[in-house]
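**Student:** Chains as they are written, first to last, in my numbering: chain X, 6 to 342; chain D, 55 to 355; chain Z, 580 to 957.
Hints in this document: simulated from the structure, not taken from any laboratory.
All values derive from a computational prediction rather than experimental measurement.
The reader is advised that the hints may include incorrect statements.
Taking lysine-lysine pairs in the DSBU-like style, the calculated list, with each CA pair at most 30 Å apart, reads [stated by the list, open to error]:
| no. | chain 1 | residue 1 | chain 2 | residue 2 |
| --- | --- | --- | --- | --- |
| 1 | X | Lys163 | Z | Lys763 |
| 2 | X | Lys239 | D | Lys198 |
| 3 | Z | Lys763 | Z | Lys845 |
| 4 | Z | Lys682 | D | Lys198 |
| 5 | D | Lys198 | Z | Lys898 |
| 6 | X | Lys163 | Z | Lys758 |
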Amino acid sequence: MSTVGLDAPQSPGAPRGAAQAAPRGHRRRLGDPVFRVLATACGLAVAVAMFGLAGVLVYNSWPAISGLGTSVLTTVAWSPVDHQYGALAALAGTFLSTLVAMVIAVPLALVIALLLVELVHPAVARVLGTAIEMLAAIPSIIFGMVGIFVIVPFVQDKLVPWLLTTPLANVPGIKPGPQFQGGGVSIFTAGVVLAFMVLPYITAVSRDVLKMVPQVTKEAGYGMGSTTWEVMHKISLRYANSGIVGAVFIGLGRALGETMAVAFLIGSLFTSLPQSLFDPGTSIASLIALTFSEATDKIQVSALIELGLILFLITVVFQVLAQAWLRRVQRSTGGRA
Amino acid sequence: MSTAADIRSAPPRRRSIARRKATDLVIKVLSWIGAWFGIAVMGFIVWEVVARGAGALNVAFFTQPTPQDVTSNAGGFANAIVGTLAITGVAALIAIPTGFLGGVYLAEFGRNGRIATAVRMIANVVMGVPSIIVGVFAFAIIVKPLQHYSGFAGSVALAFIMLPLMARTTEDILNLVPNEIRESGLAMGAPRWKVTLGVICKAARGGLITGATLAIVRVAGETAPLLFTALSSPYWMTGLFGPGGFFGGPVANLTKTIYDFSGSPYPHWQALAWGGALVIIIAVLGMNILVRLLFQRGKEW
Amino acid sequence: MKKSARTWRLMLMVAALLAIAAVAVAVAACGGSSTGAASGSSAPAIEGFTPVPMTADTILGAGASFPAPLYMKWGSDYIGVAGVKLNYQSIGSGGGISAIEAKTVDFGASDAPLEQAELEANGLAQFPMVVGGVVLVVNLDGVADGQLKLTPDLVAGIYMGAVTTWNDSAIAKVNPGVKLPSTKINVVHRSDGSGTTWILTHYLTDAAGSIWTAGADKEIAWPLGVGGKGNEGVAASVQQLSGSIGYVEYAYAKQTGMTTAQLQNKDGQWVKPSIASFTAAAANADWKGSLPSMYMVLVNQPGADTWPITGASFILVQKDQAEASRAKTTLTYFDWCFTSGASAATSLDYVPIPANVYKLVEKQVWPTITVSGTPVWP
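So that you can see chain X by itself, here it is in the shape it has in the complex:
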């Protein structure tokens, strides 16, 4: 176990007391502290950067926080021209699109992770796993483009008209609201594309977490005559419970902050709450992206930054929760502390 603060021992042969006087020892004494200070400074730089970000956000949103108070969270419409700075429509859109994304992505991710861990040859699993991880590397603007040129026409021209002929059309949440504009650019489309953006993250973390389940325990299950699925859901998933929750939180955090794809696909309706998944809406991130460069009114800029602060706080909370859940599974499976 390397020790902290251990001075480099002297080379064999040199008298112990001579190190301090020797020029080589003098240089050695300088190199290490400098290096240590430099490394510590860089480590702290990360913390400084974050506090800087938080500080700038708070400082710039203070006029809105003090001037508008809680009305930002209770007013629905974002309408600067009417001096209405309500984030509720944006929050609802963020929440709903993320919900759609999670509903699609989480089961898919779990099922893929199961496959990668239990059902395929490790070599195949490595290749498939890498392929899924490549999805994570694709920039969001490309998802946005494929979304708008391929998914939007499909939803608008094929999916929604078909859906409206089925009994599902009357289910609240699917039934088109007063703001319905064909369903092509809508919360649903944004959610579907978001699902495939977060899928690789949830899959990768779930797979890692499922791999941490001790082999011995699983073999005990197999030895008792359990089928693969039974081992999976009675043993592995129970062990990996917290980890999977952590993975979901990571995916959630990513979906909440996603900007470009959502900006393309969600419809940019800032003024009312969506009443159906196929209504257009907006999200906090896309609202900021689309309107920040034209905010002239001081209070408008400040309110936008306040929205950014709210989004920042939400993602921080989810990240912290995700880390906490993931640490729990590490402890319970005896993983790397």
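Given the structure of chain X, go ahead and fit chains D and Z onto it with the hints provided.
**Tutor:** What follows is chains D and Z alone, placed relative to chain X:
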């Protein structure tokens, strides 16, 4: 008290076994379908980009700057590609060494101490911050006070995203290096910094390069941080300072230009946007595959 | 043996990266210029490839997407003329106003003119640069360009959500013989602060005030519809969403071959959008009376051939300039636009500002643009 013989001789509960096997089979089938669906979507996305973008990649694409004239069919993406390389390159210059040293701190010096644990937690959190917020931050601290957009502001925003990523990746890689290596280096009488840089990092070389490359490639595809910082330009950069320079004015970049062109109604510009998307996909996926192949044992040292 | 193979791979990768970086630096440093193109007019040898001389002069403008096709064309023409690069970013009129007030650009462009009070409060000078027309574009199968007719009441009704289907009796009444589907009208408007919206909403308030109650501004609380970013985004959205209607500046519709609608103007005549109908609308403008702010609304003008949704697009500059040479370069560019840019403007169906109005601008507005008190122009 049942003996092994008793258990073995007891009749199996056939119906229940059949049902369990059926459930198992159904789940297995669903897993396969699900996995292939996920892969298919990814393949579909890549295929769409290739199909729509391949036609746009010609010599003009790589040599001409982005078009301004909506009536002509000329133009390319050359200045945008160079701009992204420059912005990402400067961001890497800022973030990679700092992030690397930060990771060294976390792995070698701080380890489980209070400060290091806090830094680690903060790094994880910062990695999850939406990139639009980072863009707003860079606007507030650089563009607004200096009163001009610049490629450098874009680099700062990207560096902000890269820094914690690089630090955590470095820490993870260095933690995989066994302690015996550290101890043998120190036992030879080498100073701490030499052991860390010369021995440990050499051993973890593959993983570190992979980590750095993946971090760079990850931010190269970001759009939101560049919206209010580097903006965009239809021209080549003219040097470093002055209104056309890297530090003095807006700089063309791939992602913002793709964003602008794909949101435009002109077929030629849309085709260029798809070409740009293809270039990004080739670069991103290519680098990913390349580093994995070259350093496939990077995670194990 | 294995170790040296890995070292080779590592060196190969580093070499590849360095090569890419070197190429990037070389290309950036050379600025993509061909040799010898220093100054003066140089006719492009290859279509669209304009040799860009090595000069540090770049003017940065941002704002309205309404005149963006023209401003960008002027930009690409001006390099060949004076070697000065114009970087115009289409971010919407709201963005242009915001940028010039923050002094992050050399000039802002807005189709929503500022009133004198706001100009003074921000130390800005304002002048018109070009006139254009806002048209309604639709995406309807079987309806040809210029075939569909809409009255101001209908446009207002559609955007208020009162008229919801294409085969509504009110629409059918003015479009006998046109096959109108029974599908819902998908409404597209602007998501960003837009001068085009300002022009349209002023028109609707003026011509259909009993139905249109959503106000007149760059950004309003739209009763319904999806938002597109910029004229570009609205045009793209209408292209993609079947059964949709949107409003864009005419160049966007014409250059992309979109289906436009006829409108009934103040005189009750049905007019199609064209440079002639825009010019007719702009003919009545009293620019002299609009000084010093040059605030002008051109919607719903009388005349048999006038296009009812016409508007001027304005340029905003800081009155107190920091750098004399930069200010001079910017004003020289505008001088060129006024005096030599007319053909480019008409080729894109914009109406250039007539010479007498330019004289007003030059004599009344530009003297207020100073560096430490000294006028920059002439």
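**Student:** Name the hints, by number, that the structure is in violation of.
**Tutor:** Number 2 - this is the single hint that the structure violates.
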